[in-house]
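Start counting at 1 in the sequence shown, then tack on 321, and there's your number in my numbering.
Hints were generated in silico from the structure; no laboratory data involved.
Please read all numbers here as calculations on a predicted model, not as lab measurements.
Any given hint could turn out to be false.
What the hints assert, rightly or not - Capping the alpha-carbon separation at 25 Å, the derived lysine to aspartate or glutamate pairs in DMTMM-like fashion look like this:
hint : residue 1 : residue 2
1    : K346      : E333
2    : K409      : E427
3    : K474      : D599
4    : K439      : D411
5    : K534      : D400
6    : K342      : E513
7    : K585      : E571
8    : K465      : D386
9    : K643      : D622
10   : K502      : E538
11   : K569      : E648
12   : K474      : D453
13   : K572      : D591
Unchecked claim - Here are the simulated distance ranges between beta carbons:
hint : residue 1 : residue 2 : range
14   : N529      : A595      : 14 to 22 Å
15   : G615      : P418      : 40 to 48 Å
16   : N606      : R448      : 44 to 52 Å
17   : F332      : K585      : 27 to 35 Å
18   : S641      : H444      : 20 to 28 Å
For every residue, glycine included, the Cβ atom is placed at its ideal position computed from N, Cα and C.
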Amino acid sequence: MKVLIYSAKDFEIPYLEEANKNKHKLTFIKAPLSSQTAMKAIGYDAISIFSADDACANTVEKLKDFGVKYITLRSAGYDNVNLRAASKFDIKVANVPAYSPYAIAEHAVALLLALNRKLITSHRRVRHYNFDLNNLIGFDLNGKTVGIIGTGKIGEVMTKIMHGFGCRLLGYDIEENDALKSQFHIEYTSLETLCKNADVISLHLPLNAETHKLINEKLIDKMKDGVILINTARGAVIDTEAVIAGLKSEKIGALGIDVYDNEKAIFFEDHSQAVPSDNNLMLLNTIPNVLITGHHAFLTDEALTNIADTTIYNLDCYTSRKKTENELTGFD
322 MKVLIYSAKD FEIPYLEEAN KNKHKLTFIK APLSSQTAMK AIGYDAISIF SADDACANTV
382 EKLKDFGVKY ITLRSAGYDN VNLRAASKFD IKVANVPAYS PYAIAEHAVA LLLALNRKLI
442 TSHRRVRHYN FDLNNLIGFD LNGKTVGIIG TGKIGEVMTK IMHGFGCRLL GYDIEENDAL
502 KSQFHIEYTS LETLCKNADV ISLHLPLNAE THKLINEKLI DKMKDGVILI NTARGAVIDT
562 EAVIAGLKSE KIGALGIDVY DNEKAIFFED HSQAVPSDNN LMLLNTIPNV LITGHHAFLT
622 DEALTNIADT TIYNLDCYTS RKKTENELTG FD
């Protein structure tokens with residue numbers, strides 16, 4: 322099967338080629354999928370896209386006209402794909418639902434530790450041989466309350482890690498995890514109760530109509546003063562302007578994010594020679610108690626291997642007319 326890989330990054334190509342073992346004819350392009358670049362898929366049976374690609378209804382319709390029958394995502398999130406349009410035009414869609422929950426959860430902890438213990442500030446000082454300790458005070462995580470919003474695969478790992486630090490754990494999810502309650506003593510509460518009591522809040526939930534801007538001004542007002550907020554989920558689950566206001570008022574003591582609501586136009590590219598005109602991002606970058614990474618929480622050897630293996634597996638299933646458990650649309 323001929324497959325066009327959109328948004329192909331140099332670091333992932335060897336993983337995909339190794340997983341493919343010459344079964345499918347893969348073509349890699351750096352361009353992201355959009356309504357303008359959909360025409361590049363002419364002559365291909367399937368495409369593979371990443372989280373920043375735009376498979377809106379208009380784009381999906383164009384793909385159908387160009388003969389594309391299958392879309393496989395190299396990500397767990399699929400909010401960038403119009404599944405209704407895909408079903409309408411008989412294009413099957415599959416994702417990689419669980420490539421490495423450890424990668425994401427461990428990155429969330431890395432952001433938390435770096436912010437709490439002022440590692441970035443300390444590193445910058447030491448590089449200039451400044452060993453002054455003023456303004457570097459953090460706090461013991463042991464005994465603190467950590468709120469985990471979303472206790473799916475990633476949130477489950479986050480729960481286990483923070484339990485190891487000796488934290489009290491509060492959880493919020495539409496489905497409670499009984500194993501986490503019995504083995505790691507997480508207490509499920511309302512969202513408001515979690516926000517009122519948590520010293521640290523970590524987000525691990527998908528982006529959908531219910532979670533869009535879930536962390537808003539009203540909810541931030543209910544949080545403990547000085548809370549550390551960590552987001553490795555999706556950028557738009559927080560209201561960026563409300564979070565900036567919370568940072569300015571010191572309601573939010575520190576912010577660690579690996580995702581950003583306007584990242585599609587910015588992330589995964591080098592803009593050092595022409596800084597993007599994004600006022601909120603520029604403002605966040607000036608705040609010392611904000612740590613931003615460029616959506617690379619997933620970037621571990623194990624995760625890239627799993628993403629590649631599952632992507633090729635999804636393609637294999639389609640060519641053999643087998644339904645993959647990773648499919649997001651119907652299979653006839």
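The hints, checked one at a time:
A C-alpha spacing of about 16 Å is found between K346 and E333, which places the hinted pair at or below 25 Å, so the restraint holds. Between K409 and E427, the direct Cα distance comes to roughly 39 Å. Violation of the 25 Å bound is thereby established for this hinted pair. Restraint check: the Cα-Cα separation between K474 and D599 comes to about 32 Å, which exceeds 25 Å; the hinted pair is violated. Taking the CA atoms of K439 and D411, the gap is near 51 Å; set against the 25 Å cutoff, the hint is violated.
Proximity of K534 to D400 is assessed by CA-CA distance (about 14 Å); at most 25 Å being required, the pair is judged to hold. Simply put, K342 and E513 have alpha-carbon atoms about 50 Å apart, too far for the 25 Å limit, and the pair is violated. Simply put, K585 and E571 have alpha-carbon atoms about 29 Å apart, too far for the 25 Å limit, and the pair is violated. With a C-alpha separation of about 55 Å, the suggested pairing of K465 with D386 is violated against the 25 Å cut-off.
About 28 Å separates the Cα atoms of K643 and D622, which puts this hinted pair outside 25 Å; it is violated. For the hint pairing K502 with E538, the CA-to-CA distance comes to about 30 Å; that exceeds 25 Å, so the pair is violated. Of the supplied pair hints, the one linking K569 and E648 is violated, its CA atoms being roughly 43 Å apart against a limit of 25 Å. In summary, the hint linking K474 to D453 is not supported, as the alpha carbons are separated by about 41 Å, beyond the 25 Å threshold.
Distance hint between K572 and D591 is unfulfilled; the C-alpha atoms sit about 33 Å from each other, more than 25 Å. A C-beta distance of roughly 34 Å is found between N529 and A595, which places it outside the suggested range of 14 to 22 Å. Distance hint check: the CB atoms of G615 and P418 are about 23 Å apart, inconsistent with the given range 40 to 48 Å. Checked against the hint of 44 to 52 Å, the pair N606 and R448 fails, with Cβ atoms roughly 19 Å apart.
Taken as a hint, the range 27 to 35 Å is violated for the pair F332 and K585, whose Cβ atoms sit roughly 20 Å apart. Separation of S641 from H444 is about 51 Å and departs from the stated range, judged on CB atoms against 20 to 28 Å.
Violation of the numbered hints given earlier is confined to hints 2, 3, 4, 6, 7, 8, 9, 10, 11, 12, 13, 14, 15, 16, 17, 18; the remaining hints are satisfied by the structure.
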